[in-house]
Structure formats: structure tokens, C-alpha cells
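Enquirer: Each chain, letter by letter, is given below.
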Amino acid sequence: MAKVKVHLWSALRAHAGGAEAVEVEARNIGQMLDALRARYPGLAPALDAGVSVSIDGRIIAASLTEPVAPGQEIYLMQRLKGG
Amino acid sequence: MALDEGKDVKGGHDAREYDHEGEFRHVGTRPDRPDGVDKVTGRARFGADAYAPGMLHAAILRSPHAHARILKIDTSRAEALEGVKAVVTRADFASGLEGEDWNILENIMAGEKALYDGHAIAAVAATSKFIARDALELIEVEYEILPHVTDVDEAMQPGAPVIREGAAEPGVPEGMHPNVVRYHESGHGDVEAGFAEADLVIERHFTTEATHQGYIEPHACLAQMGPDGRGELWCTTQGHWNVQKLCAKLLGVEASAIRVTASEIGGGFGGKTTVFIEPVAMALARKTGRPVKLVMSREEVFRASGPTSSASMDVRIGMKKDGTMTAAEGTFRLQGGAFPYAPMEFTAMCAFACYDLKHVRQRGFDVMTNRPKQAAYRAPGSPMAAFAVESVVDELCQKLGLDPIEVRLKNAAREGTRASYGPTYPRIGLVETLEAARAHPHYCAPLGPNQGRGVSCGFWFNFGGETSVTLALSMDGTAQIAVGTPDIGGSRASMALMAAEELGIPYEDVRVTIADTASLGYNEISHGSRVTYASGLAVIKAARDAKRKLIARAADKWGIDPEAVEWRDGAAHPAGENAGDFEPLSIKEICAEMGATGGPIAGHYEATPEGAGVSFATHIVDAELDPETGKTTILRYTVVQDAGKAVHPSYVEGQFQGGAAQGIGWALNEEYIYGEDGRLQNPGFLDYRIPVASDLPMIDTVIVEVPNPGHPYGVRGVGETSICPPLAAVANAVSNAAGLRLRQLPMRPARILEALEAKADGEG
Numbered sequence: 011m012a013k014v015k016v017h018l019w020s021a022l023r024a025h026a027g028g029a030e031a032v033e034v035e036a037r038n039i040g041q042m043l044d045a046l047r048a049r050y051p052g053l054a055p056a057l058d059a060g061v062s063v064s065i066d067g068r069i070i071a072a073s074l075t076e077p078v079a080p081g082q083e084i085y086l087m088q089r090l091k092g093g
Numbered sequence: 068m069a070l071d072e073g074k075d076v077k078g079g080h081d082a083r084e085y086d087h088e089g090e091f092r093h094v095g096t097r098p099d100r101p102d103g104v105d106k107v108t109g110r111a112r113f114g115a116d117a118y119a120p121g122m123l124h125a126a127i128l129r130s131p132h133a134h135a136r137i138l139k140i141d142t143s144r145a146e147a148l149e150g151v152k153a154v155v156t157r158a159d160f161a162s163g164l165e166g167e168d169w170n171i172l173e174n175i176m177a178g179e180k181a182l183y184d185g186h187a188i189a190a191v192a193a194t195s196k197f198i199a200r201d202a203l204e205l206i207e208v209e210y211e212i213l214p215h216v217t218d219v220d221e222a223m224q225p226g227a228p229v230i231r232e233g234a235a236e237p238g239v240p241e242g243m244h245p246n247v248v249r250y251h252e253s254g255h256g257d258v259e260a261g262f263a264e265a266d267l268v269i270e271r272h273f274t275t276e277a278t279h280q281g282y283i284e285p286h287a288c289l290a291q292m293g294p295d296g297r298g299e300l301w302c303t304t305q306g307h308w309n310v311q312k313l314c315a316k317l318l319g320v321e322a323s324a325i326r327v328t329a330s331e332i333g334g335g336f337g338g339k340t341t342v343f344i345e346p347v348a349m350a351l352a353r354k355t356g357r358p359v360k361l362v363m364s365r366e367e368v369f370r371a372s373g374p375t376s377s378a379s380m381d382v383r384i385g386m387k388k389d390g391t392m393t394a395a396e397g398t399f400r401l402q403g404g405a406f407p408y409a410p411m412e413f414t415a416m417c418a419f420a421c422y423d424l425k426h427v428r429q430r431g432f433d434v435m436t437n438r439p440k441q442a443a444y445r446a447p448g449s450p451m452a453a454f455a456v457e458s459v460v461d462e463l464c465q466k467l468g469l470d471p472i473e474v475r476l477k478n479a480a481r482e483g484t485r486a487s488y489g490p491t492y493p494r495i496g497l498v499e500t501l502e503a504a505r506a507h508p509h510y511c512a513p514l515g516p517n518q519g520r521g522v523s524c525g526f527w528f529n530f531g532g533e534t535s536v537t538l539a540l541s542m543d544g545t546a547q548i549a550v551g552t553p554d555i556g557g558s559r560a561s562m563a564l565m566a567a568e569e570l571g572i573p574y575e576d577v578r579v580t581i582a583d584t585a586s587l588g589y590n591e592i593s594h595g596s597r598v599t600y601a602s603g604l605a606v607i608k609a610a611r612d613a614k615r616k617l618i619a620r621a622a623d624k625w626g627i628d629p630e631a632v633e634w635r636d637g638a639a640h641p642a643g644e645n646a647g648d649f650e651p652l653s654i655k656e657i658c659a660e661m662g663a664t665g666g667p668i669a670g671h672y673e674a675t676p677e678g679a680g681v682s683f684a685t686h687i688v689d690a691e692l693d694p695e696t697g698k699t700t701i702l703r704y705t706v707v708q709d710a711g712k713a714v715h716p717s718y719v720e721g722q723f724q725g726g727a728a729q730g731i732g733w734a735l736n737e738e739y740i741y742g743e744d745g746r747l748q749n750p751g752f753l754d755y756r757i758p759v760a761s762d763l764p765m766i767d768t769v770i771v772e773v774p775n776p777g778h779p780y781g782v783r784g785v786g787e788t789s790i791c792p793p794l795a796a797v798a799n800a801v802s803n804a805a806g807l808r809l810r811q812l813p814m815r816p817a818r819i820l821e822a823l824e825a826k827a828d829g830e831g
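Read top to bottom, the protein sequences are chains A and B.
Every number in this note's numbering is 10 more than the matching position in the first sequence, counting from 1.
Every number in this note's numbering is 67 more than the matching position in the second sequence, counting from 1.
Simulated from the structure, these hints should not be mistaken for laboratory data.
Only a predicted model underlies this, so the values are computations on that prediction, with no experimental measurement involved.
One or more of the hints may lead you astray.
[Claimed, not checked] What follows is a set of in silico ranges between Cβ atoms, one per label pair, in the way DEER data are often shown:
| no. | chain 1 | residue 1 | chain 2 | residue 2 | range |
| --- | --- | --- | --- | --- | --- |
| 1 | B | E695 | A | A24 | 51 to 57 Å |
| 2 | B | K698 | A | A24 | 46 to 52 Å |
| 3 | A | E30 | B | D86 | 34 to 40 Å |
| 4 | B | Q224 | A | A31 | 32 to 38 Å |
| 5 | A | A31 | B | D99 | 49 to 55 Å |
| 6 | A | P77 | B | D628 | 31 to 37 Å |
| 7 | A | T75 | B | M542 | 37 to 43 Å |
| 8 | B | L763 | A | R49 | 53 to 59 Å |
| 9 | B | T391 | A | D66 | 24 to 30 Å |
| 10 | A | R49 | B | Q748 | 48 to 54 Å |
| 11 | A | G27 | B | D470 | 45 to 51 Å |
| 12 | B | A512 | A | R49 | 58 to 64 Å |
[Claimed, not checked] So the derived list for chain B, only partly shown, Cβ under 10 Å to chain A, looks like this:
| no. | residue |
| --- | --- |
| 13 | G338 |
| 14 | R428 |
| 15 | E482 |
| 16 | W527 |
| 17 | F528 |
Every residue gets a Cβ at the ideal spot worked out from N, C-alpha and C, and that includes glycine.
Please put together the full structure from these sequences, using the hints given.
Expert: In C-alpha cells, the structure reads:
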């Protein structure tokens with residue numbers, strides 16, 4: 011499985027050794043989040059609280075099946091909602 | 068137009084949904100709204116218009132204290148009153164809930180403590196609303212009054228009363244007060260290095276007060292639950308599937324046990340995205356076995372439904388003499404009442420989203436106070452951020468002698484810009500809104516004495532969410548669409564226009580209904596500016612699904628392959644000479660015999676669209692200040708916003724105007740005022756002053772259309788972004804008129820007079 015690079019918002023970085031971005035093996039968002047939980051258990055509470063994911067600038071609010079691929083710009087964001 | 072044949076819509080999403088070619092026939096026109104006659108004749112049924120045989124009336128006892136331990140509740144005298152059928156307290160709801168479910172339960176019915184003035188303590192169902200209210204006075208509650216705090220900055224200070232021990236989530240910096248329950252930090256670059264490159268750095272402190280969404284219709288519902296444990300609920304809400312889910316959890320029953328029907332809605336603006344009274348009415352209905360109606364008074368709406376957060380903010384921006392922004396930094400403290408989840412991360416992420424910044428950092432603090440649990444309000448968190456940031460940008464422009472729109476254009480985020488919150492922007496429309504604002508006659512119109520002009524930009528993310536739509540064709544070829552998103556802004560008209568566009572039938576031949584929770588798949592709430600985007604996308608896809616079936620019927624009839632049939636002008640046509648020589652079959656002809664050609668025809672769509680596309684706006688406002696009274700008059704207001712594609716331009720303009728009007732109120736008048744006793748002092752529209760028609764000029768609008776690649780027609784949500792710029796735009800106009808800076812909202816007359824007097828005394 012190929013590795014994807016995931017950027018973390020600042021408050022998460024302390025749970026990933028201070029890294030601004032980390033690499034995990036995943037084919038979709040669900041696998042990516044599971045891999046992050048497994049490798050950095052400290053991230054689990056924030057991930058479990060709900061995250062959105064930006065892939066190449068497109069914000070995925072909830073989907074776990076959205077494909078991810080090497081070379082994409084991937085950012086974790088706190089879960090979006092609105093009024 | 069492509070028909071999406073074979074495309075998987077169950078999971079997996081195509082970032083490039085935009086596929087429209089040629090001219091629109093229906094989309095972009097302005098027909099009357101289908102619900103208009105009902106609403107102007109009083110026939111539309113809102114939340115309080117539901118009745119049932121044998122119905123009881125409910126009332127809720129609310130805490131008169133801002134913070135108190137509940138030592139004892141004695142309901143015996145109330146229960147003994149003739150006409151009283153049941154009293155419920157926290158013991159009548161589910162136990163063992165966690166997280167936000169527990170927070171919501173705790174908010175709708177207090178447990179061990181009353182956490183704010185107006186917190187529900189108990190509820191009564193009786194044969195009349197007068198008996199129910201009388202019974203409330205017979206409920207004896209013994210309180211131990213505790214110290215309280217209602218101000219966000221005071222709640223963070225050492226020694227502040229603790230709202231709830233152990234509520235802080237991981238990630239809150241060490242040493243913070245226990246009332247600080249969540250923390251956000253994001254950004255990139257080296258802000259100190261960026262500030263060192265600046266010719267001028269300005270750092271300022273800002274505050275905004277909590278404001279209410281101010282919907283006309285109070286919360287109202289009618290609940291019933293039979294001895295079989297199955298119930299129904301009619302209520303005013305922005306999201307009845309969410310109401311179903313929450314009521315089921317709070318009552319400890321299965322979701323399918325409760326069917327929820329959304330009434331017409333008299334405004335929501337985010338405030339009706341959760342539950343307040345619905346589980347209480349359901350609990351009383353379960354206990355009595357009779358229908359129970361519960362309607363909030365206006366005072367209850369203010370005291371116990373969710374206003375937005377109040378904020379305390381520090382913003383620092385560096386700029387070169389040529390207007391280039393070199394760095395930006397912000398700290399945003401939001402209180403969300405006695406519960407977590409004030410939207411501080413959105414405040415932080417939206418704050419500098421309009422700008423292309425090499426060095427940027429933002430921090431957010433979520434703080435608990437003794438106030439009601441905040442609820443979403445149009446672009447939650449973003450307007451206060453724009454107020455602080457756009458005020459500093461304006462002050463930098465003033466001090467450097469630069470044009471505020473030119474500076475914003477110079478620094479504007481555009482496609483390829485790394486957003487302040489991290490990702491790289493795809494195609495966005497901020498520059499187009501700024502250019503349209505610059506070209507608008509408003510921007511160069513002359514100003515008179517005591518008048519000032521303000522400009523501001525604003526940003527919001529927008530949202531997709533779970534969406535289900537069914538489009539059923541009738542025997543006469545008309546269409547009936549079932550959507551699951553309550554119509555809070557004219558969306559039925561937009562859905563009908565998009566279906567008419569796809570099917571090639573008249574707008575009047577489409578009827579759109581808001582289905583109940585038993586009639587359609589799950590639907591996310593009408594929030595996040597998602598309805599015209601997500602339900603609209605779903606309507607288009609459902610119509611295309613129906614078209615595939617119509618084409619198949621025509622192909623069967625002609626004995627040719629479906630691939631040899633095309634759909635245009637509301638009829639099936641042979642795709643070319645090789646397909647055969649057949650007269651077109653209209654939708655009416657195909658539907659008239661559908662029972663004999665394979666059965667009913669309907670199109671469906673169930674998925675979670677994920678291409679909402681972010682949204683930007685630029686506002687211009689002229690204000691006049693009365694130096695003797697401090698009163699501000701809004702003289703002229705222009706909203707310029709990117710809609711992607713305006714499906715029904717009148718309702719897009721209405722959203723632009725509504726957001727501006729609410730933002731003007733937030734800027735000038737509206738505020739929750741708490742007394743020393745921690746009680747809300749102004750729970751009514753007499754003392755909580757929202758703008759009325761005579762307070763406002765006709766708000767001009769300019770619709771910019773930069774297509775959203777994530778929607779077949781290019782639609783972007785428009786409902787929320789319009790409230791982001793007004794706070795700052797008005798503040799900048801007032802400041803320019805007064806010759807001083809006002810950094811506290813609202814800018815009520817007394818506050819302006821005080822600032823003018825301070826300036827006259829040499830302190831300004």
C-alpha cells in the first residue's frame with residue numbers, strides 16, 4: 011500500500027513527535043485515520059471527535075471512503091458544521 | 068448534457084461534478100415560490116399550528132439562578148393539582164449518555180446543577196397551558212446558590228468559578244483554567260520573521276457580545292407516544308432526522324420508534340439545528356400516553372435556546388508601505404455557555420482565510436461560562452473573526468494611506484494560494500467580488516459630513532452532508548420531489564427549477580415536499596449553506612436517474628438500444644438517423660402508459676456530496692453618525708458575493724440581504740446583557756433590538772458567479788457568508804465617520820458617545 015502525507019493542525023503535532031506532517035499507508039480516508047490512530051495513539055481523541063479532510067483543496071466533511079493517493083495535498087481539519 | 072450513466076453514487080465522489088453546457092432554460096429565472104400563497108394567506112402550518120385530539124399542554128420550570136446546585140425537587144403539590152397529568156425531571160430521561168449526547172441532555176433538563184439563568188429543571192403536562200403554568204409554581208426546588216461567571220475573559224482567570232471539573236479535552240495547554248475546555252492552533256511560516264519585514268505592525272483587542280439568531284417563530288412541537296413505545300413528533304426544525312436521532316438517544320429508544328415531521332419554519336439561522344423542547348415533550352407524552360404540545364415563549368427562546376458565542380480577540384497584522392501583508396496572528400477566545408463546543412476553531416480558521424499569507428498563526432480557546440449552550444448562527448464563529456481582522460486591515464490602510472480594496476486585492480487569496488488554515492485553494496471567487504465592489508458606483512459615491520464608508524471581506528467553508536432525494540413521476544408527466552432538508556430560504560423553488568431544467572418540463576409541473584423521517588433516507592440538517600448545493604445536486608441526480616428510466620421506456624417501445632435515445636425538450640428522441648425514424652415521445656406520453664410498460668418511474672439519489680466549495684464576499688457600507696446622540700444610520704449597503712451559480716437569483720439576493728441585515732444588528736444594537744446576578748436582563752425584542760425595516764436602506768446586491776467544480780451547475784452555498792463581513796464593514800464605516808476606532812460590539816449610541824467624548828478629551 012502506498013504512503014500518503016498527512017498535514018496536522020498545530021495542536022495535533024505534539025501527539026506526532028512535533029511533526030507538521032506524517033506519512034501513513036492508506037487508500038482512503040478511513041484507512042488513513044485508522045493508520046494515524048495506530049501509529050500515534052495520542053491523536054485518537056481528536057480524530058474520534060470528528061475531523062474533516064482537505065484533499066487537494068477540496069474539503070471532505072465526512073466521507074471515510076474517499077480515495078487518497080500519494081502526491082495529494084492532504085490536511086486534517088476539525089469537523090465542519092454550519093448554521 | 069451527460070446522463071451520469073453507470074456512475075456510482077453510493078460512496079466515492081467526483082471532484083469534478085460541474086458538467087453544464089449551453090444556456091439554462093429555467094435555472095437563473097425568478098418564478099414565484101411554491102409555498103408563497105400558503106405563507107401570505109396564513110395557510111402554512113408552522114410549529115405551533117399542530118393539534119391532536121386529547122392534546123395536553125406543557126410548560127417548563129426554569130432556573131432563576133445562574134449557577135446553583137439542585138438539592139431537592141418536590142413535584143408532589145404540582146402533581147396533585149387538578150388537570151396536571153404528569154411532571155418530568157431529569158430522572159425521566161436516559162442515563163449513561165456520554166460526550167455531546169450528555170451535553171445536550173444536560174442542557175434540555177438539568178441534572179445535579181442549574182448551569183445558567185433559564186436552565187430547565189422540570190416540566191409539566193396539563194389539560195390547559197394555564198394549569199401547566201400554575202403547576203410550575205407548585206414545584207418546590209431547593210437550590211444551593213454557587214458563584215457564577217458569564218464573561219469569557221473572567222471565566223479564564225484564576226479563581227473563576229468552575230463550571231464543570233474535568234471537562235477539558237486533551238490538547239488544552241497546561242495551566243489553563245478548567246473552564247477552558249478546548250484549544251485550537253494552526254498556521255504556517257514564521258510570524259515573527261514576517262512581522263520583522265513589515266513597515267507597520269498593528270495589534271488590537273476586540274470584543275463581540277452574544278447575539279441571538281432572532282427567528283420570528285419560537286420553538287414549538289407536538290409529541291405523542293403510544294403504549295407500544297412508538298411515537299410521532301411535529302416540530303419546527305432545520306433538521307428533523309437530527310431531532311429524531313437526539314430524541315431517541317435522550318429518551319433511550321430506537322430511532323425508528325419516533326417519526327418526525329418538520330413543520331414550516333419561521334426562521335432558524337442555525338438556532339434550530341439541535342433540540343431544546345422536543346425531548347421534553349416526548350418524555351411527557353410517553354408518561355401520559357397523550358399528545359403533548361410545547362411552545363416556547365419569546366423569553367424562553369432568549370434565556371434557554373442557543374445564542375451565538377461572545378468573543379474576546381487579539382489580532383496583529385504587519386504590512387509594508389506598498390500594502391503587502393507580511394504576517395498575521397490572532398488569538399480568539401469564545402464562550403459557548405456552560406458546555407463545550409463554542410466554534411472557536413472556525414473563528415481561528417476563517418480569520419485570515421481571505422489573504423495570501425506566508426506567515427500566519429491563529430489560536431482558539433473554547434471557554435465555558437454560566438450562559439445557555441451556544442447554538443450555530445450563520446457561519447458560526449466567522450463573523451467575529453472578520454470583525455477583528457478586517458478592522459485591523461482597515462486601520463493599516465488608513466495609516467499607510469492606501470485604498471482598502473486595492474490592498475485587499477493585492478493580498479487576496481486565489482486559486483493556488485495556501486489557505487491560512489492549511490490547504491491550497493482550488494478555484495475561488497474572492498478576487499472577482501473585490502473587483503466587482505471596486506467597479507460598483509457605491510464605492511466612489513461622495514460622502515457628506517459625519518458620514519463614513521467601510522469595506523470588509525468575509526469567508527465561509529460551506530458544507531455538503533448526507534442527502535436523500537426521491538423524484539416520482541405522475542401519470543400525467545408531472546414530477547413530485549421528496550427532499551429531506553427543511554426549506555429555510557426558498558429552496559423548494561430552487562429544487563423545482565433544477566428538476567425542470569433536467570427533465571425539460573415547466574417549473575409549475577414540479578412539486579417539492581419536505582418528507583418526514585419515515586419516508587426518505589437520512590438527511591443532514593439544513594445548515595452549512597448546504598441545501599441548494601447538496602439537495603440541489605441530489606435533485607439533479609435523481610432527475611437524471613428518472614431520465615435514464617424514461618429513455619429505457621422509449622427504447623423498449625421503439626425496439627432500439629437505450630444508447631440510441633437522447634432526452635431533450637422534455638421528450639425522448641432517436642439519437643440520430645441510424646437509431647431509426649420515430650416520432651419523439653414526450654414525458655407525458657411515456658408516463659401515461661408507464662403502468663403497462665414496466666411500472667412506476669422514479670429517480671433516486673442517496674449519498675454525501677463532498678464538493679461544497681468555499682465562499683467569499685465583499686461588502687461596502689456607508690454610515691452616518693449623529694455626534695449628539697451617538698446614533699448610527701446605515702445610509703447605503705452593497706453586498707457582493709460569489710454564488711457559483713444563482714439558481715433562483717431573488718432568493719440568492721434575499722440571502723445576501725438577510726445576512727447583511729443580521730450583521731448590521733450584531734454590529735450596532737444586539738447583545739445579551741447579563742446583570743451582576745448572572746441573569747439575562749433583556750430577554751425580549753423590546754430590549755434586545757434587532758434591526759427593523761425602517762432601520763435599514765434597501766440593501767443592494769451583486770451576484771458574482773464563479774462556478775463551483777463540485778456541483779453540476781456550479782452552485783455554491785450562499786446562506787452564511789453574507790453575515791461574515793457586515794460587523795467589520797459597519798465598524799469601519801462608523802470608525803471612518805467618527806474619526807476613531809471602535810473595537811467593541813455592539814456600537815450602541817452610548818458607547819459611541821463615550822468614545823467621542825474620550826476623543827474630545829484627547830484619549831481617542
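Enquirer: Could you run down the list of hints and mark each one as holding or not?
Expert: Structure-based check of all given hints:
no., hint, result
1, B:E695 <-> A:A24: 51 to 57 Å, "holds (55 Å)"
2, B:K698 <-> A:A24: 46 to 52 Å, "holds (50 Å)"
3, A:E30 <-> B:D86: 34 to 40 Å, "holds (37 Å)"
4, B:Q224 <-> A:A31: 32 to 38 Å, "holds (37 Å)"
5, A:A31 <-> B:D99: 49 to 55 Å, "holds (53 Å)"
6, A:P77 <-> B:D628: 31 to 37 Å, "holds (32 Å)"
7, A:T75 <-> B:M542: 37 to 43 Å, "holds (38 Å)"
8, B:L763 <-> A:R49: 53 to 59 Å, "holds (55 Å)"
9, B:T391 <-> A:D66: 24 to 30 Å, "holds (27 Å)"
10, A:R49 <-> B:Q748: 48 to 54 Å, "holds (52 Å)"
11, A:G27 <-> B:D470: 45 to 51 Å, "holds (46 Å)"
12, B:A512 <-> A:R49: 58 to 64 Å, "holds (59 Å)"
13, G338, "holds (8 Å)"
14, R428, "holds (8 Å)"
15, E482, "holds (9 Å)"
16, W527, "holds (8 Å)"
17, F528, "holds (5 Å)"
Comparing the model with each earlier hint shows no violations; every hint is respected.
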